[in-house]
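Chains A and B are the protein sequences, given in the same order. Sequential numbering from 68 applies to the first sequence in my numbering. Sequential numbering from 18 applies to the second sequence in my numbering.
The set of hints was computed from the structure by calculation and includes no laboratory data. Take these hints with a grain of salt, some might be off.
[Claimed, not checked] Examples of chain A residues lying across from chain B (beta carbon under 10 Å, computed):
1. 161
2. 293
3. 454
Note that beta-carbon positions come from the ideal geometry of N, C-alpha and C, so glycine has one too.
Chain residues, written in single-letter form:
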Amino acid sequence: MSPVSYLEDGTTVRSWLLSTDHKRIAILYMVSITLFFLVGGAAATLIRLELATPQPDLVSADTYNKLFSLHGVVMVWFFLIPSIPTVIGNFVLPLMLGARDLAFPRLNLFSWYLYLVGGLFTGVMMIKGGVDTGWTFYTPFSSMFSNTHVVLTVVGVFIVGFSSILTGLNFIVTTHKLRAPGLTWSRLPLFVWSLYATSVIMLLATPVLAMTLILLAVERIFRVGIFDPGLGGDPLLFQHLFWFYSHPAVYIMILPGMGVVSELIGCFSRKRVYGYKFVAGSSLAIAFFGFLVWGHHMFVAGQSVYAGLVFAFLSYMVAVPSAVKVFNWTATLRQGSIHLDTPMLYALGFIGLFTMGGLTGLFLAALAIDVHVHDTYFVISHFHYIMVGGMVSAYLGGIHYWWPKMSGRMYPELLGKLSALTLFIGFNLTFFPQYLLGFLGMPRRYHVYPPEFQVLNVLSTAGASILAVGYLLPLFYLLWSLRYGKRAPENPWHATGLEWQTPSPPPTDNFETVPIVTQEAYAYPVEEPHA
Amino acid sequence: MPDLAHQFQDLEQQRTADTLGMWAFLATEMMLFGAMFLGYTVYRWHYPRAFYLGAQRTDMVLGSLNTALLLTSSLSMALGVHFQRARHFGRVALCLGVTALLGAGFLALKLLEYWHHYQEGLAPGLNFHFPGPEASQVALFFVFYFVMTGLHAVHMTIGLGLVGFQTARAYRAESRLMPVTLTGLYWHFVDVIWVFLYPLFYLGGRS
């Protein structure tokens, strides 16, 4: 008689809302970030609809400003940053380490409640009329001039920031202290390495944002000049502090995605991940260099040209570990036994889209080109190639990959492949035209544009509708599979990793006995079980 | 082993995990205050004279007295941790009680100081009057003064809650070493922050 699974261990609402089980908390997060994704997605839909024509015919300028601000705030802090760490990371990190839970289970639950409280502030802000500063809250507009709910918004972000700090802290301690016997650092799955690097950024960068937002709120509430140049303040200081967090934050968003892709590529090539040490080390290198490049957001903001040069050079440095990853994934594919299951399709999509996004990032890091394309759709497109093309693909790939473990059910494979394909096509159709628009000079954050840009904008809007189908498909068939999906075996993908040695879904305590690790992480091929 | 949480194999693993957790938390706290220290530095660089004038208006007597209170509280905190290791719970309760009292004294004096500043017209945004052309820059000094010492006071208040809780525990002779040690770490950290705040806001105008 196998022990009862975590899904069946208590069925009351209370047994979910007060659970300290990392697996249940992961599910709580999955539900909440999906809701926020829908909110952010709805805002994006309205933006794309407005931009289908050059005239302002759907929403007013003010509403448009509020829409893109809401889209940014919700997607960055309530979806992208928590997505892979709090859902997939929470679920599989202790399993991958052979542990019974995270080091601080109650703190983990507390993080989720903080997320909810932050979300509540954002919801109230939305209902009361929104915010129009953009997700970047640039001063002195945000602190002195905006007539919208800036304080509510930054309080929400402040609180959700602590949620991510505590998650990072929990992951760091868990990775250091709760590894199973024999699970040395050089045997850790690459996903664990990437989560570790992410957690370090969460821990060290997020508090700077917290402090910056406090100063912003103080300036706004008390009308004192911290960042307002009219009162002796320095608006550039705000930008330095903001980007000191917000640039590393994009690595908080992408690093876990890279970790997921490393797992997927290894598993579906049935091959050892090429250059394990370099892939692991590149995560740490990205985290490290990520702290030194924030100034590339400020090339035209008035910082010194020498600072610009140094920041441009350091930004190029980030490309090195990123490229190491892409090359190593590609090398892993070579002569692998490639299985094109849904997660693998997402992973391959990730590699292509991330490479596009990464290379255009180099354009933007080049001081001279940035002057031309700064604040245009080129930047928007670059960012979305990494964040949507890269990160969301990786998230969905990971969700499909670990879905059998999480739910105990298989999803319908054909629909899965269809969704991955739809997403890839819809994404490119949405965002590739935006590169062209940006290069032709269409600025971001305007609800009107010259008529000659309409063709590309219509293409983009059409792509967005395909993209929406690509997102809604998994939402429906994954829910469907909870009831009607085939029961999942312990290890449907013949993957390595301790998480596949537990039943699907795992029991509350994960492992009956503490597993002992004797192998490296990707000892493929795994023997096919006897049917 | 009643103290052992289910995710750990043994007490040693739990102890090192808890300790690492607290150090990681202090790292995040350091970046939190670090951002403020950076802001202070930038404006002091921009407006050295205004910051000099501002620092002359803080209350040297109360500030120094508070420094003494806080440093003494750290001593009694350290003694508390020491006695906890030796399992003299009565003395632990005494030491932690003294720590809490000194901490509460610090907060009381700090509030008094804030009240004085408010009355003297040194509270930007609420009541601020400063003669001369550098008024808005001196206001900036006091913004940082209030935000930084205020944030420190918030941390003191949390620390006071923790210490009070541990005192009650020690008084009932509950033998849990870790929480006292970790509370001590936190208390000393908050204390060290003050050691930096004191010269920046009090000594700076009196060289």
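Structure-based check of all given hints:
no., hint, verdict
1, 161, "holds, 8 Å"
2, 293, "holds, 6 Å"
3, 454, "violated, 24 Å"
Going down the numbered hints, you'll see the structure goes against just number 3.
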